[in-house]
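Peer 1: Heads up: the protein sequence lines correspond to chains L and H, in order.
Position 55, counted from 1, in the first sequence is what the numbering used here calls 152; the numbers after and before it change by one each time, with no gaps.
Position 349, counted from 1, in the second sequence is what the numbering used here calls 351; the numbers after and before it change by one each time, with no gaps.
Careful, some of the hints might be misleading.
What the hints assert, rightly or not - Here are the simulated DMTMM-like cross-link-like pairs (lysine to aspartate or glutamate), alpha carbons at most 20 Å apart as the crow flies: (1) H/K759 x H/D742; (2) H/K526 x H/D542; (3) H/K232 x H/E352; (4) H/K356 x L/E306; (5) H/K232 x H/D360; (6) H/K15 x H/E30; (7) H/K469 x L/E306; (8) H/K769 x H/E758; (9) H/K388 x H/D360; (10) H/K657 x H/E722; (11) H/K356 x L/E127; (12) H/K388 x H/E311; (13) L/K171 x L/D152; (14) H/K469 x L/E127; (15) L/K319 x L/D220; (16) L/K99 x L/D152; (17) H/K469 x L/D112; (18) H/K61 x H/E525; (19) H/K356 x L/D268; (20) L/K99 x L/E323; (21) H/K356 x L/D112.
Because the hints were derived from the structure by calculation, they are not lab data.
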Amino acid sequence: MKFGVVVFPGSNCDDDTHYVISNVLGQQVEFLWHQSEDLHRADAVILPGGFAFGDYLRIGAIARFSPVMRAVEKFARAGGIVLGICNGFQILLEAGLLPGAMLRNAGLRFRCLPVHIRVEAVDTPFTCAARRGQVLEIPIAHNEGNYFCDAETLAALEGSNQILFRYTTPDGHEDAAANPNGSLANIAGICNRERNVAGLMPHPERASEASLGSADGLVIFKSVAEWFARNGGIARHNGENAAALQAR
Amino acid sequence: MGTFFLMIDTEIKVTAEIAAEHGLSPEEYARVLKILGREPNITELGIFSVMWSEHCSYKSSRVHLRRLPTKAPQVVQGPGENAGVVDIGDGLCAAFKIESHNHPSYVEPFQGAATGVGGILRDVFTMGARPIAVLDALRFGPVTNAPGAAGASAELTAKNRHILDGVVGGIAFYGNCFGVPTVGGDVAFAPGYSRNPLVNALALGIARRDQLFFARARGAGNPVLYVGAKTGRDGIHGASLLASAEFTEESQQKRPNVQVGDPFLEKLLLEACLEAMQIGAIVAIQDMGAAGLTSSSCEMASRGGVGIELDLDRVPQRETGMIPYEMMLSESQERMLLVAERGREREVIEVFAKWGLDAIEVGRVTAGEMMRVMWHGELAAEIPAKALAEEAPLYQRPIAPPAAPRGSGKLIELLPEGTNLTGNFARLLAWPAIASKRWIFEQYDHMVRTNTLAWPGAADAAVLRVKETNRALALTVDGNGRWCWLAPREGAAAAVAEGARNVACTGAQPWAATNCLNFGNPEKPEVMWEFSECVDGIADACRALEIPITGGNVSFYNDTLGQSIYPTPVLGVLGLLEDASRAVGIAFQQEDDAILLLDGAGERARTEARSAQRELSSSEYALALFGIVSGAPPAVDLAGEKRLIEALLALTGDKLLHSAHDISDGGLAVTLAECCFASRGLTADAHIAATEPAEAAVFGERGARAIVSCAPESLARVQEIARQYSIGVADLGRVTRGEDFAIAVNGIRVIQARCEKLRAAWADSLKSVMAG
Chain L
98 MKFGVVVFPG SNCDDDTHYV ISNVLGQQVE FLWHQSEDLH RADAVILPGG
148 FAFGDYLRIG AIARFSPVMR AVEKFARAGG IVLGICNGFQ ILLEAGLLPG
198 AMLRNAGLRF RCLPVHIRVE AVDTPFTCAA RRGQVLEIPI AHNEGNYFCD
248 AETLAALEGS NQILFRYTTP DGHEDAAANP NGSLANIAGI CNRERNVAGL
298 MPHPERASEA SLGSADGLVI FKSVAEWFAR NGGIARHNGE NAAALQAR
Chain H
3 MGTFFLMIDT EIKVTAEIAA EHGLSPEEYA RVLKILGREP NITELGIFSV
53 MWSEHCSYKS SRVHLRRLPT KAPQVVQGPG ENAGVVDIGD GLCAAFKIES
103 HNHPSYVEPF QGAATGVGGI LRDVFTMGAR PIAVLDALRF GPVTNAPGAA
153 GASAELTAKN RHILDGVVGG IAFYGNCFGV PTVGGDVAFA PGYSRNPLVN
203 ALALGIARRD QLFFARARGA GNPVLYVGAK TGRDGIHGAS LLASAEFTEE
253 SQQKRPNVQV GDPFLEKLLL EACLEAMQIG AIVAIQDMGA AGLTSSSCEM
303 ASRGGVGIEL DLDRVPQRET GMIPYEMMLS ESQERMLLVA ERGREREVIE
353 VFAKWGLDAI EVGRVTAGEM MRVMWHGELA AEIPAKALAE EAPLYQRPIA
403 PPAAPRGSGK LIELLPEGTN LTGNFARLLA WPAIASKRWI FEQYDHMVRT
453 NTLAWPGAAD AAVLRVKETN RALALTVDGN GRWCWLAPRE GAAAAVAEGA
503 RNVACTGAQP WAATNCLNFG NPEKPEVMWE FSECVDGIAD ACRALEIPIT
553 GGNVSFYNDT LGQSIYPTPV LGVLGLLEDA SRAVGIAFQQ EDDAILLLDG
603 AGERARTEAR SAQRELSSSE YALALFGIVS GAPPAVDLAG EKRLIEALLA
653 LTGDKLLHSA HDISDGGLAV TLAECCFASR GLTADAHIAA TEPAEAAVFG
703 ERGARAIVSC APESLARVQE IARQYSIGVA DLGRVTRGED FAIAVNGIRV
753 IQARCEKLRA AWADSLKSVM AG
């Protein structure tokens with residue numbers, strides 16, 4: 098399979114994500130430039146962390162109008178696998194591909210530290226190689242990771258099992274102290290109803306090699322590769338659309 | 003004098019008085035007249051004043067800096083370029099440099115610190131190196147009312163907290179967005195830094211050896227391109243007024259002289275520059291830092307032995323009605339000047355366009371050696387480039403040791419032998435200089451670029467892997483201003499020794515160093531004496547430890563209201579690990595591991611109680627608990643340091659050590675506690691044999707020592723290697739999973755407490771202090 102990593106001006110985890118996919122996961126990967134609508138036949142697209150367009154105006158507000166995002170949106174609507182990490186998650190929220198919004202961290206400061214997240218659902222391309230309830234140690238590094246949505250949306254997220262990761266203690270208990278940013282319901286990552294688009298604040302690419310302190314994050318990239326090997330990139334129910342996209 | 007430049011117009015006639023207002027002495031002005039053979043116009047005067055400012059010309063320091071050793075086989079580029087460069091093997095080089103941004107950080111802490119980081123990053127990537135790490139050495143006035151605050155008022159400590167908060171915020175703002183990890187640094191507090199905090203930023207980058215770039219213009223006719231942000235009226239005279247003069251009550255009015263940073267723009271500039279360098283159409287490049295367009299143009303010309311011509315009408319401007327004086331002196335951030343190969347400028351311009359940046363041809367390289375500035379079709383300035391750069395004035399300033407010997411104040415009163423020191427120890431752990439710096443480094447992205455093998459506080463130095471190789475680099479910044487005030491030569495040597503020891507504790511060979519020399523007003527003979535002594539101390543230690551200095555920065559005029567800061571040389575020492583898997587952290591790893599004290603001094607002679615008392619009076623302990631800064635720092639034993647470093651390298655090379663942590667601030671007790679705090683629930687019950695009083699034995703800061711741990715089965719081998727290198731090795735006990743942390747001296751327990759309780763005192767202190 099082939100991964101695509103989007104490069105916006107100001108993306109700064111693009112190299113790191115590329116490195117893990119090619120050097121650790123051993124899969125094909127290509128950078129996707131923000132000004133192009135060509136996804137280079139990628140089977141999964143990752144929006145990496147960083148400060149796309151300097152986070153000016155509002156995080157993701159400029160990035161979502163990039164040509165590449167038009168292609169990503171089409172790809173996602175057709176069932177393509179899209180993962181947003183940190184800033185990439187924020188952009189997916191802003192683009193309306195995922196529900197909710199980010200507020201500033203509860204402590205009003207940038208926080209960079211390893212945290213623990215519990216895998217809440219394993220029936221997605223992003224978590225299928227993990228165990229339900231598995232606790233992953235993965236770092237965060239953000240200023241605005243305080244996830245928020247209205248009660249109705251939260252009920253919908255919970256109802257259709259769209260919460261993929263929650264901040265917990267190392268042994269998997271959900272408590273306020275384990276929540277690094279004040280995020281609603283300890284949410285660290287979610288997916289859409291169709292389960293092909295996901296975003297998370299922690300950086301799995303920073304926790305994919307034991308020498309960096311943890312290799313727990315690799316399971317997320319592995320999941321995508323395994324899912325693709327099993328199911329193909331575009332969900333079957335969207336077959337026609339998918340064929341059209343793949344042909345491009 | 004803060005805002006006089008706003009009233010300047012191009013027609014103004016230059017007089018000796020105006021020259022004096024620009025900071026030029028009568029002798030310097032006479033020299034200007036001689037060089038030009040006429041009176042300068044106001045633009046030319048402005049250019050001379052910034053280029054001959056202390057900040058740009060190093061006129062007071064250069065004669066001394068020559069004494070530093072700068073040569074070694076690994077040195078590719080020594081002092082004099084944007085950054086120093088050393089070979090690290092596998093066809094790669096490390097480019098690194100440290101620079102101060104002290105005065106701006108007092109005037110406007112957030113932007114001052116942010117632009118300090120921005121400036122040093124540009125210095126590194128103009129060499130063709132991608133920045134992979136930043137470290138910061140920070141010095142502030144007291145932030146608590148502990149005894150070490152020397153009675154600082156609540157208002158002053160609140161102000162110092164505000165400065166600390168702003169500086170940390172500014173460093174985080176810039177580095178996090180730019181995408182470089184801030185991986186370490188050091189922080190200290192002393193009353194003298196209250197109105198003159200120090201912000202020294204060090205950046206490290208990696209480049210291919212065959213793709214280095216230099217700031218040497220060549221090739222008459224080659225176009226000069228301007229890239230990056232537009233030029234505005236910000237930062238005018240930042241170098242000459244902010245950085246090259248003492249602070250007074252009016253300093254706050256200098257806020258308009260502080261620049262504002264845009265890390266996003268700098269990130270684009272980085273990517274565009276590195277990409278443009280790849281295509282091979284760039285001849286020379288220099289960032290527009292202090293003295294902006296002026297220094298970048300005339301320094302590139304001067305180094306290359308050519309002339310340069312600029313057409314100011316083509317310079318992108320943010321404001322209307324700017325005159326040459328303002329454009330040449332602006333310190334607007336995120337700008338670069340580069341020389342491209344004639345005929346290939348299109349390719350360069352296209353790369354910049356891809357990143358959304360303008361690259362504008364603003365001039366050309368010329369034969370001869372004149373810097374010519376054109377404006378509205380007329381000659382606005384014409385000065386020989388060399389006269390501004392290499393031939394700037396040089397001073398052998400008067401030097402005089404202090405009239406009264408230092409350190410003769412009240413010494414610490416040693417507690418009777420057998421006194422329980424646990425309470426004092428807990429207070430020392432909570433002293434902000436000793437306490438955990440987590441509150442600070444959590445605000446920094448210290449992991450981006452996924453090279454960080456040792457996070458802040460996890461090892462004695464930051465350790466970064468070099469991707470696509472087996473290698474890693476270790477990097478640390480150190481400097482003890484208190485010691486340098488008491489004994490400058492000794493204190494400066496100790497800073498080098500500590501940096502080298504730190505990188506060696508991680509398993510890295512000390513490879514090269516950069517220095518940031520922060521001092522008071524060089525026109526004061528006593529300050530020049532401190533400076534000269536410190537340079538000698540650095541030179542002594544670098545020679546003994548075989549560490550070349552590859553560059554750095556001098557920051558004079560760190561005086562406020564006539565009071566100079568402690569002389570504070572900060573050393574950034576880079577180490578090389580040929581095998582990254584040998585890297586060692588400070589945390590104890592395993593229960594039952596042996597805890598050993600390695601001592602470069604070997605089997606030591608008896609320490610006299612009196613000298614132990616004098617040494618302890620210069621320690622962090624004496625400052626933190628009693629507000630005492632007196633006596634003399636421990637003598638630096640460079641031969642012992644060298645033996646210890648070599649032994650550490652042999653031990654880590656054989657992968658015998660599970661942890662290594664050097665003894666420095668807070669002494670053996672703090673070092674041992676940190677090994678426990680960094681571990682996962684391990685502690686120590688240590689027994690030490692000492693010839694000095696117990697208080698000095700646990701809190702004394704004599705160098706050339708480290709606490710290491712190893713598996714019990716490796717113990718004999720470690721002891722044997724230690725003996726081979728003629729270093730002392732004392733068995734302090736075993737790593738335990740017990741609840742108590744304890745230290746006994748000569749069989750008497752002087753420290754004993756729940757390890758978790760001590761850890762909490764250490765871990766939470768800075769956070770609660772900063773919460774006000």
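Peer 1: Now, for every hint given, state plainly whether the structure supports it.
Peer 2: Comparing the hints with the structure gives:
Between H/K759 and H/D742 the CA atoms are separated by roughly 9 Å; this keeps the pair inside 20 Å, and the hint holds. Our distance criterion of 20 Å between C-alpha atoms is broken by H/K526 and H/D542, whose separation comes to about 24 Å. Between H/K232 and H/E352, the direct Cα distance comes to roughly 18 Å. Compliance with the 20 Å bound is thereby established for this hinted pair. Taken as a hint, the H/K356 and L/E306 pair is broken in the structure, with Cα atoms around 33 Å apart against an allowance of 20 Å.
Of the pairs offered as hints, the one joining H/K232 and H/D360 holds, with about 9 Å between alpha carbons and a cut-off of 20 Å not exceeded. Straight-line distance between C-alpha atoms of H/K15 and H/E30 comes to about 18 Å, which keeps the hinted pair within the 20 Å bound. As the CA atoms of H/K469 and L/E306 are separated by approximately 13 Å, the hinted pair is consistent with the 20 Å bound. At roughly 17 Å between alpha-carbon atoms, H/K769 and H/E758 fall within 20 Å of each other, so this suggested pair holds.
Simply put, H/K388 and H/D360 have alpha-carbon atoms about 29 Å apart, too far for the 20 Å limit, and the pair is violated. Distance restraint check for H/K657 and H/E722: the Cα-Cα separation of roughly 15 Å lies within the 20 Å cut-off, and the hinted pair is therefore satisfied. The straight-line distance between the Cα atoms of H/K356 and L/E127 is roughly 18 Å, inside the 20 Å bound, and the hint therefore holds. The suggested pairing of H/K388 with H/E311 holds, with an alpha-carbon distance near 14 Å, which does not exceed 20 Å.
As the CA atoms of L/K171 and L/D152 are separated by approximately 24 Å, the hinted pair breaks the 20 Å bound. At roughly 19 Å between alpha-carbon atoms, H/K469 and L/E127 fall within 20 Å of each other, so this suggested pair holds. For the hint linking L/K319 to L/D220, the alpha-carbon distance of about 14 Å falls within 20 Å, and the restraint holds. Proximity of L/K99 to L/D152 is assessed by CA-CA distance (about 28 Å); at most 20 Å being required, the pair is judged violated.
Of the supplied pair hints, the one linking H/K469 and L/D112 holds, its CA atoms being roughly 11 Å apart against a limit of 20 Å. With a C-alpha separation of about 11 Å, the suggested pair H/K61 and H/E525 falls inside the 20 Å cut-off, and the hint holds. Only pairs whose Cα atoms come within 20 Å are accepted, and H/K356 paired with L/D268 is rejected, the gap being roughly 48 Å. Under the criterion of a C-alpha separation no larger than 20 Å, the hint pairing L/K99 with L/E323 is consistent with the structure, at around 12 Å.
Between the alpha carbons of H/K356 and L/D112 the distance comes to roughly 18 Å, so the proposed pair stays at or under 20 Å and holds.
When the structure is compared with the earlier hints, violations turn up for hints 2, 4, 9, 13, 16, 19 and for no others.
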